[in-house]
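**Student:** For the record, the sequence lines run as chains A and B. Going by the working numbering, the first sequence opens with residue 214, and the numbers climb by one from there. Going by the working numbering, the second sequence opens with residue 4, and the numbers climb by one from there.
You may find that some hints are simply not true.
[Said to hold, decoys possible] Label-pair ranges, simulated between beta-carbon atoms:
1. B:542 x A:262: 39 to 47 Å
2. A:254 x B:527: 38 to 46 Å
3. A:290 x B:549: 29 to 37 Å
4. A:308 x B:79: 22 to 30 Å
5. A:262 x B:590: 38 to 46 Å
6. B:542 x A:274: 22 to 30 Å
7. B:561 x A:262: 42 to 50 Å
8. B:34 x A:238: 50 to 58 Å
9. B:82 x A:274: 39 to 47 Å
10. B:549 x A:238: 47 to 55 Å
11. B:149 x A:274: 27 to 35 Å
12. A:227 x B:561: 46 to 54 Å
13. B:329 x A:254: 16 to 24 Å
No wet-lab data here; the hints were simulated from the structure. Built from N, CA and C at the ideal position, the CB exists for glycine as well.
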Amino acid sequence: MSRRRAGRVAVVAVALAGGALLVAAALADTLTYYRTPAEVLGDPAGARERIRLGGDVVPGSLRRSGDLVVFRLAEGGREITVEQRGAPPETFREGEGAVVEGILSTDGVFRADHVVVRHGNEYGPVTASPEPAGAR
Amino acid sequence: MLGDLGTASLAAGLLCATLTALLWLRVALFAAPARPARLATAATLGAAAAACALLEAALLGHDFGVTFVAENGGRHVPVYYTVTSLWAALDGSLLLWLLVLAGYAALLARRRRYPARLHAYAMAVVSTLTVFFFALSAFAANPFRPVSPVPADGPGPNPLLQQHPAMGLHPPLLYAGYLGLAVPFAFALAAPLAGPQGRDWLRAARPWALAAWAALTAGIGLGAWWSYAVLGWGGYWAWDPVENASLLPWLTATAFLHTATRRGTGRAGWNLVLACASFVLVLFGTFLTRSGAVSSVHAFTDSPLGPMLLGFVLLAVVAATLLAGRRVPEPPRRAGPAADPGRGAPALSRGTAVLVNGVLLVTIAAVVLIGTVFPLLSGPLGGVRASVGPPYYERTAVPLAVAVLLVMGTLPAVTARAGGLRRLAVPGGVALTTVAAVGLLSRPGAAALTAFGAAAFVLTGVAAELAERLRRDRGTAATGHRRRSPGRFAGLVAHAGIAVVAVGVAGSAAYGRDAERVVRTGETLRVPGASARLVGVDRSADAGTMTVRARLRLTGAGGERTVAPALRYHPGRDATVTVPAIRTGPLRDTYVTLLAVAPDGGSATVRLAVNPLVGLLWAGGALTAAGGLVAAVGVTRPRRRPAAPATSEPVAAETRSEPGPAETRSEPGPAGTRSEPVAGAAG
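Modelling step: build the complete structure from the supplied sequences, incorporating the hints.
**Tutor:** Written out as structure tokens, the structure is:
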């Protein structure tokens, strides 16, 4: 019995250690950080990796040329120009909050490949996922 | 008027529920007659039903003086979606939650064949839950609050929730699943309280857990299908916190069901932990989805429900931990290999397989839980706000899920009386052949190949087992000894369903192709296997909505057809929803979404996708849920053989060491619990 118990302790310990390793490795590689425009401007080096940038779309800043959409995201008085290829979802509007995902390039323009429209805090059941656009 | 009645019904329900909890406690403590408690339980159900009926009446009668109707009703909403809007928002859905919970309580109260003390304590626990949710409804989320001034019309429910008939089924099924898990939880808490009578809790809890699991499975599957058909992104699972909240209790409940079988080496402590964890995760998921904690990229909103729910989750955890700690110790196992299923049995026994699978399932649950709460905790704790996306889950949960499949596939070998590992030869061979053939033909990638192989392994094993069982049944039928166990058959069906789902997931992920770009009228968008030419863009408006439709000529494997995906704008909510056009084929779906339309109508942004094998997901999900349902019916049905009374079963009749906290255990879990066959769980 004690051998069985030791075996079971071993199974659980291995599962725990394996799970912890798996989680740590996966988190280290796949985590996306949120930054505000102020944080990005204060520490541009921190945005060289892939981040999510959140703010309000500055009214009047939205331009479309072909596939390219350019707008500015602002929060707390600081603004960043965002370039996004491909049309943003229809729910994307000027003056509304938005979160974009991408990388800050060296010229100070944030190149996004995903627009995640910030969702209200309204409760929606399972399928009303907050970010259907960014889900894939 | 309706509003006042509704508030009164909530108050009455709170009173009745409190009384019910006290009366059942009285039954448990003093062996008082149960009749008053049963009546009080029925009265609580009546109050919950009255509250739901009153809110439905207010919705159907467009009584905009009631807050919930003013926020979620609308004169333009079709009757079906007016009825379902009861659960289209927080306050009303709590009423449905209450109705389902009170319904389970009433069903459980009627049962008379459980040990009296165990039953009474379980009822006290369920009633306490009812009290809490009535209090939540009455104090923090009363949908009947009056509005002034009374508006003339309302915005209707969230537009996403009035697009698909699944709205009438998916939430009630999920609630039936979630709250069904409250019953095993109640039995698990009641078992240590009821003393020696509590040892039968597993037998009592199992049918409830099975029924709840079947409903939860169906609810999750339906939710995946709904999200696929409605949201327009072409996927069925986004690893969204709200989705994860439904998956977590499913995983632990699955592990619970497997450890609670009669033939499994039921370790009572492990069972107890799993039963408690399942419902605690339900409560935690409720907290996540109802408090506003996860619907935004930012942390908590000031919903009054959040702190109450979180407090209750903590209370449940503390209660479960304390009670699990003072669980009545099992009788010492009999010496000798004959009575010790562990010692004489080979290393690869059913018990081992169930234990390993349970540990794997719990690990998946832990990994998903960490991913779900990490964004919530990382901000307040570490100062960085972060998000955890699908890549995290693909790297953690997916390999673990494949491992679960592989362990599941060893079932034929470990249940057999003879043959052992050799019985894995055929499934193993088929699996390797599948991997080789699929890999050579289509190169879907390592993850998908592994999943295909594992699924082939499971399916072959299940088929072989079914064939052998049928043959054996025919043989025994000839001699007049028919031995059929619907439960085991149902288990095989559920396993096959899971394997089919795995094929669908892997296939749609590996072979799916999509393209997304702006197309002008007359231009064509192509993906391998399908193309779509934009014919034109139409705009239309009707009561409450404005719709833009793109007409596309779709060419695929099955000829040509015109489809019209749309964007529908609901001014009442200032929200746009996508209405994808899905063409379903036997092997693959062609999925067209309209993402945006140029103001002049001359071009549109269109997403065209081919989703192969996605139908297997729905079929497999249905099969799995059906397996659970059959098993639930199987264990509920009275057995042909008269069951021995619980007290005369060999294990229960043994002498036990005195009750008290188990000696050396510091944490509940498989490591610290005694290994002991369960005292007669139903089979």
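**Student:** Next step is simple, just say for each hint if it's right about the structure.
**Tutor:** Hints versus structure:
1. Checked against the given bound of 39 to 47 Å, the beta carbons of residue 542 (chain B) and residue 262 (chain A), roughly 43 Å apart, stay inside it.
2. Range check, residue 254 (chain A) to residue 527 (chain B): Cβ separation about 43 Å, and the 38 to 46 Å hint holds.
3. Between residue 290 (chain A) and residue 549 (chain B) the C-beta distance comes to about 36 Å, which sits within the given range of 29 to 37 Å.
4. Restraint check, residue 308 (chain A) to residue 79 (chain B): a C-beta distance of roughly 27 Å satisfies the suggested window 22 to 30 Å.
5. The hint said 38 to 46 Å for the Cβ distance between residue 262 (chain A) and residue 590 (chain B), and at roughly 40 Å that hint holds.
6. Checked against the given bound of 22 to 30 Å, the beta carbons of residue 542 (chain B) and residue 274 (chain A), roughly 27 Å apart, stay inside it.
7. The hinted window of 42 to 50 Å between residue 561 (chain B) and residue 262 (chain A) holds, with their beta carbons roughly 45 Å apart.
8. Remark: the range hint 50 to 58 Å for residue 34 (chain B) to residue 238 (chain A) is upheld by a beta-carbon distance near 56 Å.
9. Hint check: residue 82 (chain B) to residue 274 (chain A), Cβ distance near 44 Å, so the stated range 39 to 47 Å holds.
10. Between residue 549 (chain B) and residue 238 (chain A) the C-beta distance comes to about 48 Å, which sits within the given range of 47 to 55 Å.
11. Between residue 149 (chain B) and residue 274 (chain A) the beta carbon distance is about 43 Å. The supplied range of 27 to 35 Å is therefore violated.
12. A hinted range of 46 to 54 Å for the beta carbons of residue 227 (chain A) and residue 561 (chain B) is consistent with their spacing of about 50 Å.
13. Range check, residue 329 (chain B) to residue 254 (chain A): Cβ separation about 57 Å, and the 16 to 24 Å hint is violated.
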